[in-house]
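Novice: Here is what each chain is made of, one letter per residue.
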Amino acid sequence: MQGYFYELADFAWSKLEAGEIATASFQGEDSEFVRFNKSAVRQAGNVVQRELEIELIRDRKHARGSVTLAGGQEADHARVAALIEDLRAMIPFLPDDPHLLYSKEVRSGEKHGDNKLPAGTDAAGTVLAAGGGKDLVGLYAGGGVYSGFANSLGQKNWFSTFTFNLDWSLYHHQDKAVKSAYAGFVWDESALERKMAAADEQLAILARPAYSIDPGRYRVFLSPFAVYDILGTLSWGGFGLKDHRTKQTTLIKMVEDGARLNPEVEIVENTAGGVAPDFQSAGFIKPPRIDLISRGCFSHCLVSPRSAKEYGVPTNGASQWEAPASIDMAAGTLPPDRILGELGAGLLINNVHYLNYSDRPACRMTGMTRFATFWVENGKIMAPVNVMRFDETIYRALGEHLVALTAEREFIIDAHTYGGRSVQSGRVPGALIDEFTFTL
Amino acid sequence: MSEPIAELFRRVAPQVDFCSLRFVDEHSEILRVRQNVLQPVARSADTGAMVTVIDGGGLGYAATSDLTARGLENACTQARAWAARTARLAVTDFSRVPMPSPQGQYATRVGIPWDSTSLADKIALLQRENERLKIDPRIVDWEASLWHTRSRTVYLTNHDGHVEQEFSFLVPALSATANAGSETQTRSLGGRGLCRQGGLEVLDQIGFYEAAPRLAGEALALLAAPNCPTGTMDLLLAPDQMILQIHESIGHPLELDRILGDERNYAGTSFVTLDMFGTYRYGSDLLNITYDPTLQGEFASFGFDDDGVPAAKEHIIRNGILERPLGSIVSQQRAGLAGVANARASSWNRPPIDRMANLNLEPGTATLGEMIAAVERGIYMQSNNSWSIDDSRNKFQFGCEWGQLIENGKLTTLVKKPNYRGISATFWRSLKMVGAVATRNILGTPNCGKGEPNQAVRVGHASPACLFANVDVFGGA
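Same order as they appear, the protein sequences are chains A and B.
If you want our numbering, it's the 1-based position in the first sequence plus 10.
If you want our numbering, it's the 1-based position in the second sequence plus 29.
A hint or two may mislead.
As the list claims (entries may be wrong) - Residues from chain B that face chain A, not an exhaustive set, calculated with beta carbons under 8 Å:
| hint | residue |
| --- | --- |
| 1 | Leu-67 |
| 2 | Thr-93 |
| 3 | Thr-97 |
| 4 | Leu-315 |
| 5 | Ser-415 |
| 6 | Gly-428 |
| 7 | Arg-450 |
| 8 | Gly-478 |
| 9 | Glu-481 |
Derived from the structure by calculation, the hints contain no laboratory data.
Each residue gets a CB set at the ideal place from its N, CA and C atoms; glycine is no exception.
Chain A with its partners taken away, still in its complex shape (with noise of 0.2 Å):
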């Protein structure tokens, strides 16, 4: 693949008239799918794409495409050249681009991945003999995945990943399920023996008669997997320099009006210790840490080539969107068995669901919770809970009513698969945490 990739470079180049530059991007995954629902197969197939975009510079203006490769030579030399002719057809008609920076120091670079993976047809038998009996519903998603820069100024790098990612969930009845994920890079079926016996025994619990809370303010301990989802609405619009510049950043306050987080909280974009590639679509390498948040206060932006130019700052390798792909939040000092006795009476939340903006400026964050959320009493689980919708700010979730984060975190490998198999993940602890907002 990461030949093919090259040599499709080469040939772009070789297409290329004096005066002109040239920026090609690769992303490309062999996938396979098994969908599951009620311990039964609901659909299984594979899926092979790979898409190539070429950026063609002339001076200050320039043009981007991309096409879907077939696969072969011959005819994915006619696409690429295709494309290039249509790119320079369109250069004409276009201004000069003001904010327009492409990587001109060339960094190459190479990451391989190891393919230990099972066939999918293999791991779908592991899951539906696990899953044998109960109520098992979900996703295994597995396969490779490619990503590769080059330009025409000489720098090639190249990303490749061997991951499965099985997102499930075991039901009881109606709504009240308990929600698990095995991912990583080697199946190992002791591993999901584990995880769903662990599953199963929340899902005993999920048998009991379930409490209705009234609105109101609630201690809670967020899981991970919650603190996850809350982080990951957070990274929308929260820490890209346009956001700021533009006053559209949802921490607004904290920038404009000091508004500070728990000193505890610690957020870092940690490519070197996420699943993502360090180099993006216009060839800049990403540091191998960016703080965001450092003891509660704003820290960096995310910024990308095209936010750099416009504001005349550095870029740090942002993708366009700004958004950080492998979030990582600092531990704090709560260890996992004193959880249950430090939340005393409570709701212990595993899961959140469809989190959004409810204000904006404000940070304040609107979601349900969803799949094995608890009461707990005196430091022990009671019954499950039917569903509540939560509304409340980051200032005051993570701010004044942050009790503790959990000393050990989950690595979360991010199980999305629209138009492709994320290869962002996460390393985040749980949070306990004083009077949460529930208002439905």
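Following the hints, complete the assembly by docking chain B onto the known chain A.
Specialist: For chain B alone, coordinates are given in the frame of chain A:
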């Protein structure tokens, strides 16, 4: 292209109970001008095919962009192997699904084709509209964009099915963001909520050329507006919020695959159960919902769904009573219920599942003025900007860009950050007036997410303005 691919398919299609090939060739162009600067022009061409095999009770698929005979043959082999390996493990006996093999065509009716206006003229248009958004120093970000997609699909089956469809989609957008201190307000047109099939004539239809100064002025006005009050009051929703309300609290809960449990690990389940169809009171007598992929110009119109079922308009809710689910031919077989033609895939690389296409609220008889006059204490909300609902599609909370109080039958104070919350199962029963066709707008969204693997599809919604009684309303923090 279609003849060669039909030829190739005939040559490589395996001898199985059922085999289909769905070819997609999609070309998009996005033009954006932000703060008077043209953003990188982006064109994309995405071409590939999915082969689906049903055999011996199993179903398998394989998607490939290698459209040579060898590539398609490999895909057929893989899809057949998946069907064989999962046949005894499947949720249903797929061989019992009466998959159609239709013949037919569909094409979007286009008034002014995208390519009939030069690239330079389209950029000039966006530059002009973009400049008109910057009316004040407090406008800190402003953008105008057009996203056009031309899509061609060919659906073939091993029983001589052959459908060709051509679509032209346009997603126009304008936005202005105003700021003062730590208060930031945005007004927008289009983008996430206003999209149609057609050509550049859509811009006239939606008032694109008149909107820029109004939007910027409204963003500035919101900076000075008081926070939306908290309380229980009547709620008048404009069509550009109604579509979100319909989408989240009628569309998704009525998707049959959710009811059958397929989505429980991701998008969620539904508070609706199979036994409710035919008897359940979903809303007041005024509530009439239709599934209509035949409405000319609506964003998700088509001639045939992605399992080859012909498009047809069907009542989903009639006079408040739930009639039928949004279930495709596969789900209908599994549930034993009549459904609609709604097997849809986001592209060649994802299998079809139950989706909304065009889900519309049928107009009533009230004018906007009559609805406002009927309110003693209430609020009028426009333009969604926040959406969240539980996994059973019951407890929702939505927010809008624009709110205006209604007091003693008149629109009065502008308020910012208007939000409301409710429960689907009871909310629609509080529907007390439905606007006439003159208040209706034909809208849609390009990114409705669902499915494992995930898929974002185009959805259309048409709705008049509607009035609801006794809704829980509140403002910002």
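Novice: If a hint holds in the structure, say so; if it does not, say that too.
Specialist: Taking the hints in turn, this is what the structure says about them:
1. Nearest Cβ of chain A to the Cβ of Leu-67/B: about 6 Å, under the 8 Å cut. The hint holds.
2. Of the supplied interface hints, the one on Thr-93/B holds, with its beta-carbon coming within about 5 Å of a beta-carbon of chain A, less than 8 Å.
3. Because the closest C-beta pair between Thr-97/B and chain A is about 6 Å apart, less than 8 Å, the hint holds.
4. A least Cβ separation of about 25 Å between Leu-315/B and chain A goes past the 8 Å threshold, and the interface hint is therefore violated.
5. Given the 8 Å rule on beta carbons, the hint for Ser-415/B holds: about 5 Å separates it from the nearest Cβ of chain A.
6. The interface hint given for Gly-428/B holds, since its Cβ lies 6 Å from the closest Cβ of chain A, which is under the 8 Å cut-off.
7. For Arg-450/B, the suggested interface contact is upheld, since its CB lies about 5 Å from the closest CB of chain A, less than 8 Å.
8. A least Cβ separation of about 7 Å between Gly-478/B and chain A falls short of the 8 Å threshold, and the interface hint therefore holds.
9. At its closest, the beta carbon of Glu-481/B sits 4 Å from a beta carbon of chain A; the interface hint therefore holds under the 8 Å criterion.
In this structure, only the earlier hint numbered 4 is contradicted, and the remaining ones agree with it.
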